[in-house]
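Participant: Sequence:
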Amino acid sequence: MLDSRVSSMQLQESGNLVLLDARNVSLWQSFDSPTDAIVTGQTLRVGKSLAASVSENDLSVGEYSFVVTDGDGVLQWNQMTYWKLSMYSYAFKDSDAPVSFLSVNRTGLYLLASDGSRFVLKVSLDAAGFRIAKLEPSGRLIVSKLVGDNLVQELAIPVENCRIPFFCKEIGLCSGGSCSCPSGFHAELNGDCVPINSSLSLPNGCSATNASGLNSSITYLKLGNGVDYFANDFIQPVKRGVGLSDCQDLCSWNCSCLGIFHDDSSESCYFIENHLGTLMSSSDNERVRLGYIKAMVLSSDGSKKAEDENGSKFPVAGLVLIPSSLLAIAIVVGFLWWRINSKRARAKVIKLGSRNSSSEELELTSIAGLPRRFSYEELAAATDNFNTPIGSGGFGTVYKGILQDKSVVAVKKINSFGIQGKKEFCTEITIIGNIHHVNLVRLKGFCAQGRQRFLVYEYMNKGSLDRTLFGNGSVLEWRERFEIALGTARGLAYLHTGCDHKIIHCDVKPENILLHDKLQVKISDFGLSKLLTPEQSSLFTTMRGTRGYLAPEWLTSSAISDKTDVYSYGMVLLEIISGRKNSSLKIQSRSTEKDSSGDGNGPSSSSSPRESQRVYFPLLALELHEQRRYLELADSRIEGQVSDEDVEKLVRIALCCVQEEPMLRPSMANVVSMLEGGMPLGEPRIESLRFLRFYGQRFNEASTIEESNELNLQFILQSETNGTNTTGSYNSLSYISSQQVSGPR
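The numbers in the UniProt record's numbering rise by one with no breaks, and the one at position 106 of the sequence shown is 106.
Don't take each hint at face value.
To be verified - Below, computed lysine-lysine pairings styled on DSS-like, alpha-carbon distance capped at 30 Å:
| no. | residue 1 | residue 2 |
| --- | --- | --- |
| 1 | K462 | K581 |
| 2 | K518 | K400 |
| 3 | K400 | K84 |
| 4 | K145 | K134 |
| 5 | K48 | K134 |
| 6 | K145 | K222 |
| 7 | K48 | K84 |
| 8 | K581 | K400 |
| 9 | K169 | K134 |
| 10 | K400 | K413 |
| 11 | K413 | K462 |
| 12 | K222 | K239 |
| 13 | K145 | K84 |
| 14 | K581 | K649 |
| 15 | K84 | K239 |
| 16 | K649 | K462 |
| 17 | K581 | K406 |
| 18 | K462 | K518 |
| 19 | K134 | K84 |
| 20 | K222 | K169 |
| 21 | K239 | K169 |
| 22 | K518 | K413 |
| 23 | K406 | K222 |
| 24 | K84 | K169 |
| 25 | K48 | K222 |
| 26 | K48 | K145 |
| 27 | K462 | K406 |
| 28 | K413 | K145 |
| 29 | K518 | K649 |
| 30 | K518 | K581 |
| 31 | K145 | K649 |
Calculated directly from the structure, the hints in this document are not laboratory data.
On a predicted model such as this, the values are computed, not experimentally measured, just so you know.
Using the sequences plus the hints, can you model the full thing?
Facilitator: Listed below in structure tokens is the structure:
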């Protein structure tokens with residue numbers, strides 16, 4: 001009911017329909033009661049939702065909805081979540097503040113805090129005067145902009161067809177956007193998947209009745225390997241620590257349960273409840289979850305049953321009880337044999353470690369959402385008994401492996417067993433196993449057997465960035481370098497703001513940036529990651545990482561925050577620009593060139609002790625930035641492929657990232673926005689970069705020592721050749737490096 005009588009109606013330029021009373025006071029407006037869409041200038045507050053229609057022709061409320069929660073924008077089918085706005089690869093989280101409302105405006109889609117000025121989550125789009133976000137009957141949220149008289153689609157989520165809960169109808173199996181029926185089912189003429197066995201039927205939930213006069217018992221149809229369900233990524237197990245049979249029993253006693261998924265590694269039981277949707281094909285085998293659909297077994301309840309019960313009780317009882325007793329005895333004997341042998345095997349495994357290792361073993365099975373657990377024997381077979389090393393770093397060596405399903409993986413053996421080693425292992429298991437982002441390497445499984453510790457990652461066939469960037473192979477083009485910089489920034493931004501908890505990588509460097517076909521970029525090695533709750537803003541920890549990429553705050557025992565990763569990223573970005581390590585670049589000596597071209601009185605270039613000198617590239621970048629000579633900083637091997645403006649963009653971003661004061665560094669989300677052009681470039685503060693001059697001075701001192709040592713060595717060798725017994729000692733470059741952990745590398 002309205003507060004007073006409606007006197008007039010007004011359709012505003014924004015599209016908002018307003019009902020007014022006699023005093024022109026708004027009684028009701030359409031912007032407060034959205035149906036399936038919102039437009040530019042309209043907001044959707046927490047608790048409100050968009051509801052898709054049944055079809056384009058049937059405008060009644062359908063099964064799909066888009067709900068704004070205090071932490072995200074959520075797509076649901078029959079109140080079951082199947083997608084979140086934060087899962088979109090171009091969505092970036094800027095704040096941990098509670099969401100107040102969703103807004104569509106000229107520059108994108110935003111979840112904002114209560115003050116209306118803080119972005120909690122943003123999806124930046126090209127500027128447009130009018131934009132509409134509509135939940136389609138198909139279950140997709142479509143964002144379009146008005147171009148002339150036409151709406152042009154900008155965004156459609158979910159991107160994958162197989163993420164739509166009813167894309168392949170009930171129990172249809174979606175694989176690569178195509179539909180089929182899972183094993184044990186076949187398609188009827190209308191396309192529905194039904195059990196091949198005609199004596200089986202699918203349950204109708206709690207509304208099922210036996211009005212047909214048939215007796216029903218329950219069985220379960222196995223879906224086969226590599227099959228998953230959309231809801232499994234968003235729900236908690238109904239129960240943990242249960243076997244498959246117990247999970248099925250729980251479902252059998254619950255009329256709303258229509259099927260189960262059982263995770264054998266963590267013994268977790270998941271229900272498919274109330275509605276059966278589309279199944280998804282999963283070739284990655286990231287989780288060992290086996291699915292089963294509940295089915296009703298139908299049998300006639302006629303006179304034959306009564307006759308059997310009244311006239312032949314003994315024969316039937318004998319035929320049933322005798323085999324059942326024998327079967328029970330066999331089961332008991334088999335169980336006892338299994339228990340004895342498993343205890344022996346467990347004792348053997350513990351012997352591999354130490355007699356007291358049981359008290360140190362990780363309680364891995366209690367961790368929810370663990371990835372696949374491998375045995376030591378499986379990984380030994382996959383890696384040819386660990387004879388296929390492809391790299392090393394951190395705590396372990398990495399091997400190339402081929403699993404039984406022919407998938408290629410990278411197996412990392414954890415070599416250290418101190419407190420830090422176990423911390424790294426636990427961190428990688430609990431954090432990486434549940435992180436999914438296009439620019440983060442995926443943990444496929446692990447092994448924790450005796451004292452053995454292994455992590456199994458997806459395999460990146462192009463290796464690490466340092467090999468591609470600093471190696472002797474083909475030279476990366478500028479566009480490829482930009483995409484690598486952008487992908488790395490997106491991955492770090494997701495770690496900092498896209499996860500449930502803030503994650504600090506702590507070891508960002510080219511060796512931990514991996515490449516795949518078409519230069520797909522993924523960040524690896526989260527062994528140094530530190531998990532923060534939303535209330536925490538920084539963390540002090542034991543100093544770890546790689547010299548040359550560590551931020552100054554590491555040296556001062558200051559708090560470590562996500563801005564520490566920003567500094568490391570800035571150093572990596574400078575190396576991407578130059579194509580060389582920051583401390584290995586050599587340039588022609590300007591003084592030599594000047595002398596050789598003078599009036600002839602000065603020394604010629606041939607008399608100079610060296611024709612080139614080593615420079616500390618971050619300092620060179622600062623100096624040429626002050627002179628606005630950006631093109632000279634680009635890799636000389638791609639001369640002519642890049643403009644001065646392109647280099648300026650990356651140099652300015654990099655210098656902003658490596659400023660000494662953490663608070664002056666941009667967030668990684670803002671770095672992404674600057675790279676994408678969504679926000680103006682920052683201007684680095686020269687006074688906050690003065691420390692680079694100190695690092696450069698120390699680097700020059702170290703270079704002078706090294707070159708002097710080279711001359712001394714030549715003199716010694718020459719003296720030995722002439723028969724002179726000359727002894728001497730000289731310090732290497734490491735003499736200086738031990739004092740400048742955060743300086744040149």
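Participant: Indicate, hint by hint, whether the structure satisfies it.
Facilitator: How the hints compare with the structure:
1. K462 to K581: 19 Å, holds
2. K518 to K400: 20 Å, holds
3. K400 to K84: 34 Å, violated
4. K145 to K134: 11 Å, holds
5. K48 to K134: 14 Å, holds
6. K145 to K222: 46 Å, violated
7. K48 to K84: 15 Å, holds
8. K581 to K400: Judged against 30 Å, a Cα distance of about 27 Å means the pair holds.
9. K169 to K134: Since the Cα atoms of K169 and K134 sit roughly 22 Å apart, the hinted pair holds (cutoff 30 Å).
10. K400 to K413: 11 Å, holds
11. K413 to K462: Distance of about 20 Å is within 30 Å: holds.
12. K222 to K239: Satisfied, since the Cα-Cα distance of roughly 20 Å is no more than 30 Å.
13. K145 to K84: Holds: K145 and K84 sit about 22 Å apart, inside 30 Å.
14. K581 to K649: Holds, at about 20 Å.
15. K84 to K239: Holds. K84 to K239 sits at ~24 Å (cutoff 30 Å).
16. K649 to K462: This hinted pair holds, its Cα atoms lying about 27 Å apart.
17. K581 to K406: 37 Å, violated
18. K462 to K518: 9 Å, holds
19. K134 to K84: 15 Å, holds
20. K222 to K169: 19 Å, holds
21. K239 to K169: 28 Å, holds
22. K518 to K413: Distance of about 28 Å is within 30 Å: holds.
23. K406 to K222: 23 Å, holds
24. K84 to K169: 21 Å, holds
25. K48 to K222: Violated, at about 39 Å.
26. K48 to K145: With Cα atoms ~23 Å apart, K48 and K145 stay inside 30 Å; holds.
27. K462 to K406: The given pair, whose Cα atoms are some 19 Å apart, holds under the 30 Å limit.
28. K413 to K145: 51 Å, violated
29. K518 to K649: 24 Å, holds
30. K518 to K581: 24 Å, holds
31. K145 to K649: Holds, because 28 Å separates the two Cα atoms, which is no more than 30 Å.
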